[in-house]
Each structure stands twice: as structure tokens, then as C-alpha cells.
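Taken in order, these protein sequences are the chains called W and H. Each residue of the first sequence is one higher than the last, beginning at 1 in this note's numbering. Each residue of the second sequence is one higher than the last, beginning at 1001 in this note's numbering.
Don't read these hints as lab results, they were simulated from the structure. One should not assume that every hint holds.
What the hints assert, rightly or not - Cβ-Cβ distance ranges computed for the label pairs, FRET-style:
(1) W:V144 - H:L1093: 18 to 26 Å
(2) H:S1078 - W:R130: 12 to 20 Å
(3) H:S1050 - W:A27: 24 to 32 Å
(4) W:F122 - H:D1055: 19 to 27 Å
(5) H:L1093 - W:E21: 26 to 34 Å
(6) H:T1010 - W:P14: 25 to 33 Å
(7) W:V144 - H:S1050: 17 to 25 Å
From the three backbone atoms N, C-alpha and C, an ideal C-beta is built for every residue, glycine too.
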Amino acid sequence: MAGDRDRALALEFPPLTFDVERGRLRAFTSAIGEQDPTYLDVEAARAAGHPDVPVPPTLYFSMNLEQADPFWYLHALGTDLRFILHGEQSFTYHAQEYAGDRLMLQSRICDVFAKRGGALKFLVNDTEVRRGDELIAETRTVIVVRNPEARA
Amino acid sequence: MSATEIPQITVGTELPAVQVPKITRTTLALFAGASGDHDPMHIDIDAAKSVGLEDVFAHGMLSMAYLGQLLTDWVPQSAIRSWNVRFAAIPPLCESDLHGRGHGRRRRRRDARHQGLARRRHRHPRRRGRRRR
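Next comes chain W alone, as it looks inside the complex (with noise of 0.2 Å):
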């Protein structure tokens, strides 16, 4: 487990960037049943005092994704994708973002550990969004590992 933690931490999270394009906005609003029409269309968000289309609450999981490997880091430990669960999610805004901005994301994980004599493995992935040099949110992410052979 020692050597499991050292090796997560350690990694090296290379950053990533989001462009924020009002297609993906209203494709993700949209399969999200998102009625508001402030962050479906931009002309209802400027009547709405917006510059544009805002980034909904909870897109800021999903800039993670936009990578050809976005679990690459699991790969690195040996976790096995099929036994993985999405345990706890938190977001923490500092600016409202919108389309046409550009993002930087930079992650990493913080730390690692285990429940239920090894059934269970936690590792916490955290992720700071910038807008140039300017933190506008910050993500934490509890990914829960199930080892069906550990004894609880």
C-alpha cells in the first residue's frame, strides 16, 4: 500500500487544455435536460447579462476527460477499469467561466488509501482550472478501487 501511495503521488500529470466552445455546452447541457435557455443559447444568455454561454456547474469533471486516455494514471497503477467507482466529487468556483475562453487544467494526485483491510482503495485526484493566471476552479475527485479478493 506504501509503495501504491508513493508511486500515485509522484506522478506527473502532464497540463491540459479546454477551449470552451458553445457546441460542447449545449451538447452537454442538452443530455443533461438543462431547460434554462441561458446555457443553451447565447443570445438568452446576454439577455441574461452573460458575455456568453456560461460553463454549467458541473463541466469542470468533464475538461478532465478531454484526452485520448483521460484514465491514463489508473493505467500507471495497475487498476483494473472495471472495478473502479466514482465516490465523491467536489467544486470549488472562483470565476464564472464561458464560451470562447481558453483553460488550462492541471491535476494531481494527493493522496491514497485504503478501507476495509484492502477491500476498498480511495485516490483523491485534485485539479486546479486556470484562465491564464487566474485559478478559476478547483476539482476534487475520490476515485474508489473495489478488490473483490481482498478480505473486508
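Use these hints to put chain H onto chain W, whose structure you have.
For chain H alone, coordinates are given in the frame of chain W:
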């Protein structure tokens, strides 16, 4: 419609309920594409069965997106400082509509008075469990 004003928030404030549509395989397919989460557990029944599950299950982030709408229907998004969701159970495909409700709690009396901050505790009823802030 999204809110434009910060409501009065006190201990026990109840957030407006949100009605969400049935979660079908089509819902999961569209959300997988739109969210970028292509985990086969959500869209490939063979993959789900290979680990002993009966069927695919919904993304936790889909439920969190519904809760996000509960929040933005209640207050302007700019008023949301931070929130946290713990996923308590695997969300199944649902035949019936879901009903999400939240209960607001004042975080710090002084902060709440000046900034309208509140810790939000959400209970999202499911067949097999609940997730809350």
C-alpha cells in the same frame, strides 16, 4: 429558469425540488458522449455483466449534474462558492422519474448574512441509496 436573487437562507431552508426525466440507456449514451466519460460500465451491457452487474448503471456525474440544476434553479450560479457530493450507491437505470430535493443549512451566521453563503445538503432519492452534499 435560473434564479436572479439570493434567497433568505436559514437553518432548515428547503431548496426547490427538481424533477428529472427517466434515466434510460439513451440518456447514458448521450451523457457519455457529452461528458466525455466513455466508461463501458455506463454504455456496454456486456462489460457490466463481465464484472457481475445485471446492467449498465448511470454516471455519478449525471446525478450531480441534476443536482447542479437544482442549485442554479435556486440561486444565480455566481453565488455557488463550493459544493461536494458523496456517491452513496450505484445509480441504476430508472423506470420512473426522479425527484431531487435539497436542504440548506447556514454555514456561518456572519458569512450567510453578508454573502448569502450556505452549506447545502442534498438528498437525492434513489431506489438503493442516496447521495448528499
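So, going through the hints one by one against the coordinates:
1. W:V144 - H:L1093: 18 to 26 Å: holds, 21 Å
2. H:S1078 - W:R130: 12 to 20 Å: Given a distance of about 19 Å, which is inside 12 to 20 Å, the answer is holds.
3. H:S1050 - W:A27: 24 to 32 Å: Cβ of S1050 (chain H) to Cβ of A27 (chain W): about 29 Å, so the range 24 to 32 Å holds.
4. W:F122 - H:D1055: 19 to 27 Å: holds, 26 Å
5. H:L1093 - W:E21: 26 to 34 Å: The hinted range 26 to 34 Å holds for L1093 (chain H) and E21 (chain W), with Cβ atoms some 30 Å apart.
6. H:T1010 - W:P14: 25 to 33 Å: Because 46 Å falls outside the window, the suggested range is violated.
7. W:V144 - H:S1050: 17 to 25 Å: holds, 19 Å
In summary, the structure is inconsistent with hint 6 from the numbered list given earlier, while agreeing with all the others.
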